[in-house]
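K.L.:
Those protein sequence lines, which keep their order, are chains A and B.
Here this note's numbering is used: the first residue of the first sequence is 110, the next is one more, and so on.
Here this note's numbering is used: the first residue of the second sequence is 4, the next is one more, and so on.
The set of hints was computed from the structure by calculation and includes no laboratory data.
Possibly wrong hints are sitting among the right ones.
To be verified - Derived SDA-like pairs (lysine to any residue); straight-line CA-CA distance at most 25 angstroms: (1) A:LYS114 with B:SER99; (2) B:LYS60 with B:LYS118; (3) A:LYS173 with B:GLU153; (4) A:LYS215 with A:TYR190; (5) B:LYS57 with A:TYR190; (6) A:LYS173 with B:LYS108; (7) A:LYS139 with A:LYS121; (8) B:LYS108 with B:ALA145; (9) A:LYS173 with B:SER41; (10) B:LYS33 with A:VAL192; (11) A:LYS199 with A:GLY131; (12) A:LYS121 with B:GLY49; (13) A:LYS114 with B:GLU12; (14) B:LYS60 with A:GLY146; (15) B:LYS57 with A:SER140; (16) A:LYS121 with B:GLU153; (17) B:LYS45 with B:ALA91; (18) B:LYS60 with B:ASN16; (19) A:LYS204 with A:GLY146; (20) A:LYS215 with A:GLY146; (21) A:LYS173 with A:THR143; (22) A:LYS121 with B:LYS55.
As the list claims (entries may be wrong) - Chain A side only, calculated, beta carbon under 10 angstroms to chain B, not exhaustive: (23) TYR117; (24) GLY130; (25) GLY131; (26) GLU132; (27) ALA133; (28) GLU163; (29) HIS166; (30) GLY170; (31) CYS171.
To be verified - Only some residues are given here: those of chain B computed to face chain A with a beta carbon under 8 angstroms: (32) LYS55; (33) MET65; (34) PRO67; (35) GLY119; (36) PRO121; (37) ILE122; (38) ARG135; (39) ARG136; (40) ALA143.
In this text, all values refer to a predicted model and were calculated from it rather than measured experimentally.
All residues carry an ideal CB built from backbone N, CA and C; glycine is no exception.
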Amino acid sequence: MLLLKCPYCGAKAEETEFSGGGEAHLSRQKSGSTDAGFAAYMFERRNPKGVILERWHHAYGCGKWFHAARSAVTLEVFGTYSVQALAPPKDIIAKIRARLPEWEEKK
Amino acid sequence: MFELSTAVELEGNGAVLVARHAPVGMVTLKAGLNRAISAALKQSTGAGVPPKRKIRKGIAWMAPDELLIFTESDPDALIRELDSRITAPALLADVSDARAVFTLKGRGVRDVLAKGAPIDLSPEAFGTDDFRRTRLGQVAVALWIPAPDEARLICLASVGQFVFDWLVNASQKDSLPDYFST
């Protein structure tokens, strides 16, 4: 069971109160991009065994979207953060590094 | 506002009493919840913006930009009054007919709700002024527990019958684990 805390309403809840929104921090391909680049943006997702950054929607609660950093292996949640963020904030990166010192955010 | 004598549907044979109220006056306010909004609310209803996930004096915190105001007077009159006082962009809507309102009464109300809501309903974690939007079974609801043996719940009117039946089923006699009520 995955336990998340919504950064907007502050409610601690389990996974079934939320709905998953897939991989976070994708950059949209602009006009003039190649077909291969657009296909990669649309369909190709990383599936790392370890830390994943995801979008989540507090569907049954306050209705806001947010970001979460968690481990796909242990379900440990390193933290949740604002949906406007383009990358995980420093305090969450520090929490991840404290557990997994060799972790690097892949661009 | 939540008198059981005016309930439109009532089931009293289970472990707790389940009642569906006649439509209750409710106004949704969507806006940036700042001090100006709080002052306008205070002038109109006597209470300002409640803290996160709380219900105070009939005003419930729904989301960072949304409140639900319960009113005994005419919702349209309240909307007109608030509209004249609020200058910032805001949405006011009468949602009285869009929501179903329930009261549960009895010793086991926390046990009944805990059968379907994935939240901590212990008295320490969920007090009398806490307000929580969550799910019950598979539908979205909001609930609060204004007194030790009394719970109130709102959901969309379209799933009102489902929620009533769900609550009656979940509160059948001898079906409660007595986890919170012992």
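K.L.:
Is the Cα-Cα distance between LYS121 (chain A) and GLY49 (chain B) 25 angstroms or less?
P.N.:
Violated. LYS121 (chain A) to GLY49 (chain B) sits at ~31 angstroms, over the 25 angstroms cutoff.
K.L.:
Tell me if the interface restraint on LYS55 (chain B) is satisfied: Cβ within less than 8 angstroms of some Cβ in chain A.
P.N.:
holds (5 angstroms)
K.L.:
Hint check: LYS114 (chain A) vs SER99 (chain B), CA-CA at most 25 angstroms. Holds or violated?
P.N.:
Roughly 31 angstroms separates the two Cα atoms, so the pair is violated.
K.L.:
LYS121 (chain A) and LYS55 (chain B) were given as a pair; does the straight-line alpha-carbon distance stay at or below 25 angstroms?
P.N.:
holds (13 angstroms)
K.L.:
Does LYS33 (chain B) pair with VAL192 (chain A) here, judged by a C-alpha cut-off of 25 angstroms?
P.N.:
Holds: LYS33 (chain B) and VAL192 (chain A) sit about 20 angstroms apart, inside 25 angstroms.
K.L.:
Is LYS199 (chain A) close enough to GLY131 (chain A), meaning Cα to Cα at most 25 angstroms?
P.N.:
Between LYS199 (chain A) and GLY131 (chain A) the Cα gap is close to 22 angstroms, so the pair holds against 25 angstroms.
K.L.:
For the pair supplied as a hint, LYS204 (chain A) and GLY146 (chain A), confirm whether the alpha-carbon distance does not exceed 25 angstroms.
P.N.:
violated (33 angstroms)
K.L.:
Classify the hint on ALA133 (chain A) as holds or violated, based on whether any CB of chain B lies nearer than 10 angstroms to its CB.
P.N.:
This interface hint is violated because 20 angstroms lies over the 10 angstroms limit.
K.L.:
Tell me if ILE122 (chain B) is really an interface residue toward chain A, meaning its C-beta lies closer than 8 angstroms to one of theirs.
P.N.:
holds (6 angstroms)
K.L.:
Please work out if LYS45 (chain B) and ALA91 (chain B) have their alpha carbons no farther apart than 25 angstroms.
P.N.:
holds (16 angstroms)
K.L.:
Please verify that hint: GLY131 (chain A), Cβ, nearest Cβ of chain B, below 10 angstroms or not.
P.N.:
violated (21 angstroms)
K.L.:
Within 25 angstroms, alpha carbon to alpha carbon, are LYS173 (chain A) and THR143 (chain A)?
P.N.:
violated (33 angstroms)
Of the numbered hints listed earlier, those contradicted by the structure are 1, 2, 3, 6, 7, 12, 13, 14, 15, 18, 19, 21, 24, 25, 26, 27, 28, 29, 35.
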